[in-house]
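*Asks:* Here are the chains, one letter per residue:
There are 2 protein chains.
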Amino acid sequence: MAPSREVRIGLLGMGTVGSGVAEILTNRAPDLEREIGLPVRLCRVLVRNPERRRGFALDQQLLTTNPDDVLDDPNINMVVEVMGGEEPAGTYIRRAMKAGKQVVTANKELVSKQGPSLLALAAERNVDFHYEASVGGGIPLIAPFKQDLAANRIGRVRAIINGTTNYILTRMTEDGVEFADALTEAQRLGYAEADPANDVEGTDAAYKLAILATLAFHTFVQPSQIYTEGITRLAARDFRYARDLGYTIKLLAMASDSDGQVEARVHPVLLNAHALLARVDGVYNAVQVEGDLVGKVMFTGRGAGAMPTASAVIADVIDIAQDLQREMGFITPVIHYDQAKRIQPMDEVRTRFYLRLEVADRPGVLAQITRVLGEEDISIASIIQKEVNDAARLAEIVIVTHTAREGALQRAIARLKRLDSVNDVGSTIRIEEDD
Amino acid sequence: MAPSREVRIGLLGMGTVGSGVAEILTNRAPDLEREIGLPVRLCRVLVRNPERRRGFALDQQLLTTNPDDVLDDPNINMVVEVMGGEEPAGTYIRRAMKAGKQVVTANKELVSKQGPSLLALAAERNVDFHYEASVGGGIPLIAPFKQDLAANRIGRVRAIINGTTNYILTRMTEDGVEFADALTEAQRLGYAEADPANDVEGTDAAYKLAILATLAFHTFVQPSQIYTEGITRLAARDFRYARDLGYTIKLLAMASDSDGQVEARVHPVLLNAHALLARVDGVYNAVQVEGDLVGKVMFTGRGAGAMPTASAVIADVIDIAQDLQREMGFITPVIHYDQAKRIQPMDEVRTRFYLRLEVADRPGVLAQITRVLGEEDISIASIIQKEVNDAARLAEIVIVTHTAREGALQRAIARLKRLDSVNDVGSTIRIEEDD
Numbered sequence: 000m001a002p003s004r005e006v007r008i009g010l011l012g013m014g015t016v017g018s019g020v021a022e023i024l025t026n027r028a029p030d031l032e033r034e035i036g037l038p039v040r041l042c043r044v045l046v047r048n049p050e051r052r053r054g055f056a057l058d059q060q061l062l063t064t065n066p067d068d069v070l071d072d073p074n075i076n077m078v079v080e081v082m083g084g085e086e087p088a089g090t091y092i093r094r095a096m097k098a099g100k101q102v103v104t105a106n107k108e109l110v111s112k113q114g115p116s117l118l119a120l121a122a123e124r125n126v127d128f129h130y131e132a133s134v135g136g137g138i139p140l141i142a143p144f145k146q147d148l149a150a151n152r153i154g155r156v157r158a159i160i161n162g163t164t165n166y167i168l169t170r171m172t173e174d175g176v177e178f179a180d181a182l183t184e185a186q187r188l189g190y191a192e193a194d195p196a197n198d199v200e201g202t203d204a205a206y207k208l209a210i211l212a213t214l215a216f217h218t219f220v221q222p223s224q225i226y227t228e229g230i231t232r233l234a235a236r237d238f239r240y241a242r243d244l245g246y247t248i249k250l251l252a253m254a255s256d257s258d259g260q261v262e263a264r265v266h267p268v269l270l271n272a273h274a275l276l277a278r279v280d281g282v283y284n285a286v287q288v289e290g291d292l293v294g295k296v297m298f299t300g301r302g303a304g305a306m307p308t309a310s311a312v313i314a315d316v317i318d319i320a321q322d323l324q325r326e327m328g329f330i331t332p333v334i335h336y337d338q339a340k341r342i343q344p345m346d347e348v349r350t351r352f353y354l355r356l357e358v359a360d361r362p363g364v365l366a367q368i369t370r371v372l373g374e375e376d377i378s379i380a381s382i383i384q385k386e387v388n389d390a391a392r393l394a395e396i397v398i399v400t401h402t403a404r405e406g407a408l409q410r411a412i413a414r415l416k417r418l419d420s421v422n423d424v425g426s427t428i429r430i431e432e433d434d
Numbered sequence: 000m001a002p003s004r005e006v007r008i009g010l011l012g013m014g015t016v017g018s019g020v021a022e023i024l025t026n027r028a029p030d031l032e033r034e035i036g037l038p039v040r041l042c043r044v045l046v047r048n049p050e051r052r053r054g055f056a057l058d059q060q061l062l063t064t065n066p067d068d069v070l071d072d073p074n075i076n077m078v079v080e081v082m083g084g085e086e087p088a089g090t091y092i093r094r095a096m097k098a099g100k101q102v103v104t105a106n107k108e109l110v111s112k113q114g115p116s117l118l119a120l121a122a123e124r125n126v127d128f129h130y131e132a133s134v135g136g137g138i139p140l141i142a143p144f145k146q147d148l149a150a151n152r153i154g155r156v157r158a159i160i161n162g163t164t165n166y167i168l169t170r171m172t173e174d175g176v177e178f179a180d181a182l183t184e185a186q187r188l189g190y191a192e193a194d195p196a197n198d199v200e201g202t203d204a205a206y207k208l209a210i211l212a213t214l215a216f217h218t219f220v221q222p223s224q225i226y227t228e229g230i231t232r233l234a235a236r237d238f239r240y241a242r243d244l245g246y247t248i249k250l251l252a253m254a255s256d257s258d259g260q261v262e263a264r265v266h267p268v269l270l271n272a273h274a275l276l277a278r279v280d281g282v283y284n285a286v287q288v289e290g291d292l293v294g295k296v297m298f299t300g301r302g303a304g305a306m307p308t309a310s311a312v313i314a315d316v317i318d319i320a321q322d323l324q325r326e327m328g329f330i331t332p333v334i335h336y337d338q339a340k341r342i343q344p345m346d347e348v349r350t351r352f353y354l355r356l357e358v359a360d361r362p363g364v365l366a367q368i369t370r371v372l373g374e375e376d377i378s379i380a381s382i383i384q385k386e387v388n389d390a391a392r393l394a395e396i397v398i399v400t401h402t403a404r405e406g407a408l409q410r411a412i413a414r415l416k417r418l419d420s421v422n423d424v425g426s427t428i429r430i431e432e433d434d
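Here the protein sequences come in this chain order: W and X.
Reminder that position 211 of the first sequence reads as 210 in numbering that gives the first Met the number 0, one-by-one numbering, no gaps.
Reminder that position 275 of the second sequence reads as 274 in numbering that gives the first Met the number 0, one-by-one numbering, no gaps.
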């Protein structure tokens, strides 16, 4: 594509983030032109329903319901995709690239599932493809990974990367409420959607972790390869026990690379209450990265919301546009993948565990439980036993184990559930060491 | 300069950071070539004493004591300056730029004092000039400011940006020791230099704040314009009072921009013990940035040390080298400065204050003190009075004020010192609100 003396943007989608992007492109045009050295103009916006009222009022002439009006317009040299979802977003982005247009996206599902093939197509078509807004809202993450930490071998990434679940867990920690009540409050405040499954089941966090792990470890980590467990089964009592034991409960997205083997998982953890990550509360996100040269660095900020996410989208627009201004030929740096890396199955992962069991309050029960654990090679670090219900003769036991294999623990739990004396295995929460 | 098929580096300086850079360039050459797409070779190293033993053993042939061997060598296309200090580093960098060489530096003093003129020269000579390593060691800061937050108007920067002082303050907080003892321990562990003045007086933090504020607010903030106060006068008892009041003592570097007026200062503060910045301990650094779109984002990590700093230097090398690889013409983006911005004099700054006074233990003293404060328009939020020395009939009073002007407080302190009943004004520490 010939160098252009204007950045002409086609916007795909005009929801929360799209409205923020349109607002910044319109209201801050002089700032952007000064930053880039070229005028920036929003030329066309693909919407589903042109009649809908939006957060930002835009010239109705710009709206269209026909994607061809954006993708086939030779005047548009940059496409910003904020529709979300794999399709039709993926098809539109491919069409844009094939037409020689630069592409910016905020689409975590698409990038996590198809990132490498999209980057390859971008390189083939000599266009840029940026996706800073796909992870961590306005927190700078993708660019630091690609540039600032480029000299490092990344050993580990640990992140609180979903604001909805972190808000709910903070409420459960601070107010002692049950999950359902905290969720209702989050929905009332607009921090959780009417259908919260994507957030509370950990799916959203897994998409984002897949993107970060793929960048960090130079191997394609797909969301389907990430063990994912949400927060819906946590009970208020787990938060009280956690506090007594010196822990805070967080939903962590964790990935590590040791000796060419990658481990990636999303699940609730007990985290030492003094750890920096344990102190990231409410809708805030945090990503901690361990590089062999820099040691641990952590990035914190609001991980969602229209304006933080739009800020990241615009940062990508500026970055690509500055290259346009310099009239350089774009070459999206090909990301080198090491195909030989193995994704470790969850069964092989080793952690410490917190178990909460409801058991019959009679002699010999503890002996039965500890025998099962011992036979599965799981050793016990500490036990708390409390009488819960005198009438029903039920007691509650909380066991904290030493490091054990996930597979062994799952077998032990299945066996414990079959014991007459075990009424219920209430919770199993892995413990994340703060080393 | 014609595009080059190899990145040939001349290194100026081979101290702690220089040794780290040389080690990475040598041992990680294949990784760097894969990342950049061109081979990277360390061609020449300027040292003061070729005989000195260093952390990393280098081919003696590469060493020289003559700067011309680096600066006049037409084969060298990138100069990495890690000597530190304004001169001769500044002269060498200017010579390198004029010879068409790309420049990377870790020199906070030089960049803080001469950054704008060096960037202007780089633009004029069509070369790149990067300085990520000058602030915050390996923590990505400069690139996020320039790129990721480019769409934001930055309102405020607050930073713990000197590891030596943060280590000393953490020891004083946790162990209750006096400054001199904490400093001795820091020196023993290699966290403080034999002559610690640059760190403990706040000078180093002021250099770094000048660099960040200049980037954030698009106006040249010079170190000499930054009110700078170190940690040497803090007493162990201040840390005990601070804890009782719910605060932690930190050395903060703070800058803000409101209505075109910039405020920039480095001094100890009382910070709410629950604030995220209050929890950054030991040699860790943290920089919190408030943008109008992203809200608050924070970057944390080790702010010093050979390898973290070398990691940032190498990130800059990669960034420039990738442009070399793309055979693009370099244009260091000219940073736009708003000349009209005013740097607010310290006298006009408004904060709350903590005052510790040693006073005569007799009736009427408190009335005298509160009258002086009242006459200077300083209102009191709380008072703690403790008997300290019965024999000498001296008492200690700690006063926390509401928001007041710095100028008024300084006048009040001068008047308090003249009162017969006031033996000593032990400490004056400003309070930083966590809003």
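Quick caveat, the hints were computed from the structure, so don't treat them as lab data.
Mixed in with the good hints there might be a few duds.
A pair holds if it fits inside one copy or across any two, identical chains being indistinguishable in the list.
[As the list claims (entries may be wrong)] Simulated crosslink set (DMTMM-like; lysine to aspartate or glutamate; CA at most 20 Å straight-line):
#, residue 1, residue 2
1, Lys97, Glu386
2, Lys145, Glu32
3, Lys295, Asp433
4, Lys145, Asp318
*Asks:* With identical chains treated as interchangeable, where does the CA-CA distance between Lys97 and Glu386 reach 20 Å or less: within a copy, between copies, both, or neither?
*Replies:* neither (67 Å within a copy, 80 Å between copies)
*Asks:* How do Lys145 and Glu32 come out at 20 Å by Cα distance, when the copy is not named: within, between, both, or neither?
*Replies:* between (25 Å within a copy, 15 Å between copies)
*Asks:* Tell me, please, which holds for Lys145 and Asp318 at an alpha-carbon limit of 20 Å: within, between, both or neither?
*Replies:* both (13 Å within a copy, 10 Å between copies)
*Asks:* Check Lys295 against Asp433 for me: Cα-Cα at most 20 Å, and say if that holds within a copy, between copies, both or neither.
*Replies:* within (12 Å within a copy, 25 Å between copies)
Violation of the numbered hints given earlier is confined to hint 1; every other hint is satisfied by the structure.
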